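Undergrad: The residues making up each chain are set out below.
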Amino acid sequence: MSQRKRASNTQSSQNKGVRSQRWEAVLGDDEDDPSFTQPSTSQVQKGLDRLTPAQVDLKTAEVVQFIFVKDQKKFPIRRADIVKHVVKEYRNIYPEIIKRVGCVFETVFGLKLVEIDSKNHVYILINKLEQLEGESLNMSPSNPKTGLLFVILSIVFMKGGVVKESMVWNTLKKLRVDQGERHEIFGDVKKVVTDEFVRQRYLEYVRIPHTEPLEFEFRWGQRADMEVSKVKLLEFIGQLHEQDPQSWTQQYREATAPPAAPAVVTSANTSASVSQR
Amino acid sequence: MRRASRGGDESGTGAPRQNGVSGARGGARGAAADRGDTVAGGDDDEAGCSPADMQDEDNDPARRREIRSKYRDLINSVQQNREDMLSPTNNKLTDVLEEANKLFAEVRQAREAALDAQLLVLATDLGKEKASQLHAEGSAFDPAAFAEHLLSFMGLNRLEEEDVEGGASGGYLPQDAWQRVANRAQRCFRTAPSFHYMMGSFLAELPPPRQRVERQRKVPGKEAKRIMPTQLKRMEESHQEATEKEVERILGYLRSYFFDDPTSPISYYEFVIDPTSFSRSVENIFHTSFLVRDGLAKMYLDNHKLPCIAPVEEGEVEAGGASNRQQCVISISPKSWKELIEAFDITEPLIHAPSTQHTE
Numbered sequence: 001m002s003q004r005k006r007a008s009n010t011q012s013s014q015n016k017g018v019r020s021q022r023w024e025a026v027l028g029d030d031e032d033d034p035s036f037t038q039p040s041t042s043q044v045q046k047g048l049d050r051l052t053p054a055q056v057d058l059k060t061a062e063v064v065q066f067i068f069v070k071d072q073k074k075f076p077i078r079r080a081d082i083v084k085h086v087v088k089e090y091r092n093i094y095p096e097i098i099k100r101v102g103c104v105f106e107t108v109f110g111l112k113l114v115e116i117d118s119k120n121h122v123y124i125l126i127n128k129l130e131q132l133e134g135e136s137l138n139m140s141p142s143n144p145k146t147g148l149l150f151v152i153l154s155i156v157f158m159k160g161g162v163v164k165e166s167m168v169w170n171t172l173k174k175l176r177v178d179q180g181e182r183h184e185i186f187g188d189v190k191k192v193v194t195d196e197f198v199r200q201r202y203l204e205y206v207r208i209p210h211t212e213p214l215e216f217e218f219r220w221g222q223r224a225d226m227e228v229s230k231v232k233l234l235e236f237i238g239q240l241h242e243q244d245p246q247s248w249t250q251q252y253r254e255a256t257a258p259p260a261a262p263a264v265v266t267s268a269n270t271s272a273s274v275s276q277r
Numbered sequence: 001m002r003r004a005s006r007g008g009d010e011s012g013t014g015a016p017r018q019n020g021v022s023g024a025r026g027g028a029r030g031a032a033a034d035r036g037d038t039v040a041g042g043d044d045d046e047a048g049c050s051p052a053d054m055q056d057e058d059n060d061p062a063r064r065r066e067i068r069s070k071y072r073d074l075i076n077s078v079q080q081n082r083e084d085m086l087s088p089t090n091n092k093l094t095d096v097l098e099e100a101n102k103l104f105a106e107v108r109q110a111r112e113a114a115l116d117a118q119l120l121v122l123a124t125d126l127g128k129e130k131a132s133q134l135h136a137e138g139s140a141f142d143p144a145a146f147a148e149h150l151l152s153f154m155g156l157n158r159l160e161e162e163d164v165e166g167g168a169s170g171g172y173l174p175q176d177a178w179q180r181v182a183n184r185a186q187r188c189f190r191t192a193p194s195f196h197y198m199m200g201s202f203l204a205e206l207p208p209p210r211q212r213v214e215r216q217r218k219v220p221g222k223e224a225k226r227i228m229p230t231q232l233k234r235m236e237e238s239h240q241e242a243t244e245k246e247v248e249r250i251l252g253y254l255r256s257y258f259f260d261d262p263t264s265p266i267s268y269y270e271f272v273i274d275p276t277s278f279s280r281s282v283e284n285i286f287h288t289s290f291l292v293r294d295g296l297a298k299m300y301l302d303n304h305k306l307p308c309i310a311p312v313e314e315g316e317v318e319a320g321g322a323s324n325r326q327q328c329v330i331s332i333s334p335k336s337w338k339e340l341i342e343a344f345d346i347t348e349p350l351i352h353a354p355s356t357q358h359t360e
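The listed protein sequences correspond, in order, to chains L and B.
All residue numbers for the first sequence refer to my numbering, where the first residue is 1 and numbers rise by one.
All residue numbers for the second sequence refer to my numbering, where the first residue is 1 and numbers rise by one.
Simulated from the structure, these hints should not be mistaken for laboratory data.
Be careful, since some hints might not be right.
Claimed, not checked - Listed next, with one range per pair, are the computed distances between beta-carbon atoms:
(1) L/ALA263 - B/ASP142: 35 to 41 Å
(2) B/GLY170 - L/VAL108: 49 to 55 Å
(3) L/GLN243 - B/SER87: 16 to 22 Å
(4) B/ARG65 - L/GLN239: 36 to 42 Å
Values in this document were obtained by computation on a predicted structure and should not be read as measured data.
Glycine included, every Cβ here is placed at the ideal spot set by N, Cα and C.
Sequences are here, hints too, so could you generate the full structure?
TA: Right, here's the structure in full:
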């Protein structure tokens, strides 16, 4: 997918010429999606002027619902899909809509809409609120896959952030999870780990260059970076080992380091700040 | 050109080494670069040995095989005992390297050198692991130990016997093992709850029936105008009027049969029963009862105590006369209807069915 986008990127930037350069200067945005170009601030304002507040609110609500449904499987949501299926003819005010959508998620639902890939314009939904001790989020039992994911993320984190896949499989084997066999609960484990978790952006499954035969390594994915609290992870690992989490000094240092600011969609950082009617 | 020379150059310069590890690495790299036809983990066929070489000890196939076999043993031992070698408490890794060093002194062919290279890759990998353990302040993290702790957390019922396969803990893992881990691990995640309708969604089947009903309503609407004239005609035959008509018709039959032969009594059952239709028979009974009620027909029992029916002459009955008026209730079931047909040998109805169909 990234290769296709790259090709279209060069094509569109060649065709747009001076105009695109001016837009890019204003917005600092890549035009990698030839079907949707980010409208300029003045365009957005003009678009808003032509619509009633009720119309804009309705469109905002539709996008919110669309994102909710799309988020069920935890695959990232593409801006292109939002524009194509929901925003449609309102695309000229897209920045305003998505800004309001972000606000709705934060203020009404306590969730954050984060653009995890500013090049390909892909969003995920994460929780703004911390889970309280002894309280289950949905009052329903968690998905067992979360346990599997936890094990893998822990190994990667404790081993410095990158791990050869063989190490992960060897450890999982001790837990009676074998990538070659169908697992009672997880089914095709290899697919779950290298495909599903990767598509959900929990993990990155990257080829190690110059390896013969082919070898891959695991890293944390963008969603894991946002969603997982390393401190809490370390706490649980400490609990399992009956050790103080601080005894793993390097990991503890990394866990307590101030996090990098994510690209949360709020009024603060959306490029087109438009006067409200 | 003797193949031995490739290996020979390396071993010539490298035999006495300054520091064992780097020397072996350098030698292996050179040999690996040179190899044209070998594959690590080789086979035993001796392709391309010229007869002249056989005499040379360096090319003795048995010796070559021995060297390769020893290399493979070393490789296997490193792979099998990986965990053991990683432990900072021993120097097994160094021992392996020293063994490899000794073996390398005898390497003459590229195939053996390739095995040496493979061993070195494994050893350096382990070396890197061990180094990372040393450099890390604080505790090392051992995935194997992690797995053991997880199994305990999952509620593994460990068996009395020692390890089952390959160092794994034997025992019975409960069904909810992974569920337990997931429930505890979930706390580490700031996942947005998945959106689902609280009460479930409506079944998708509902909307289509509604549409169908609407269409049905619409269609009669269009045809309503067309039907109206025919319906108006049929309006003449209302239930009440229809009954009266039918009663009159039956009276007609009764009179015609009676006047055909006034002396012979008409058996009531023969008159009302339609052997082809039970419901028609019931209708006939119903309609005939009106005749009796209105005094247009009379029923009596004949000599055999069987009911008969006959029309009443006008003037015979006093209007509103209570005398000689009796009531009776007649019931009939399909069973008795069949019995009557048999008993009276009724083959065709005396009251013919009306030509026009009643619409109910």
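Undergrad: State for each hint whether it applies.
TA: Here's how the hints hold up against the structure:
1. L/ALA263 - B/ASP142: 35 to 41 Å: At 37 Å between Cβs, range holds.
2. B/GLY170 - L/VAL108: 49 to 55 Å: About 52 Å separates the Cβ atoms of B/GLY170 and L/VAL108, which means 49 to 55 Å holds.
3. L/GLN243 - B/SER87: 16 to 22 Å: About 18 Å separates the Cβ atoms of L/GLN243 and B/SER87, which means 16 to 22 Å holds.
4. B/ARG65 - L/GLN239: 36 to 42 Å: The hint (36 to 42 Å, Cβ to Cβ) is violated, given that B/ARG65 and L/GLN239 are roughly 54 Å apart.
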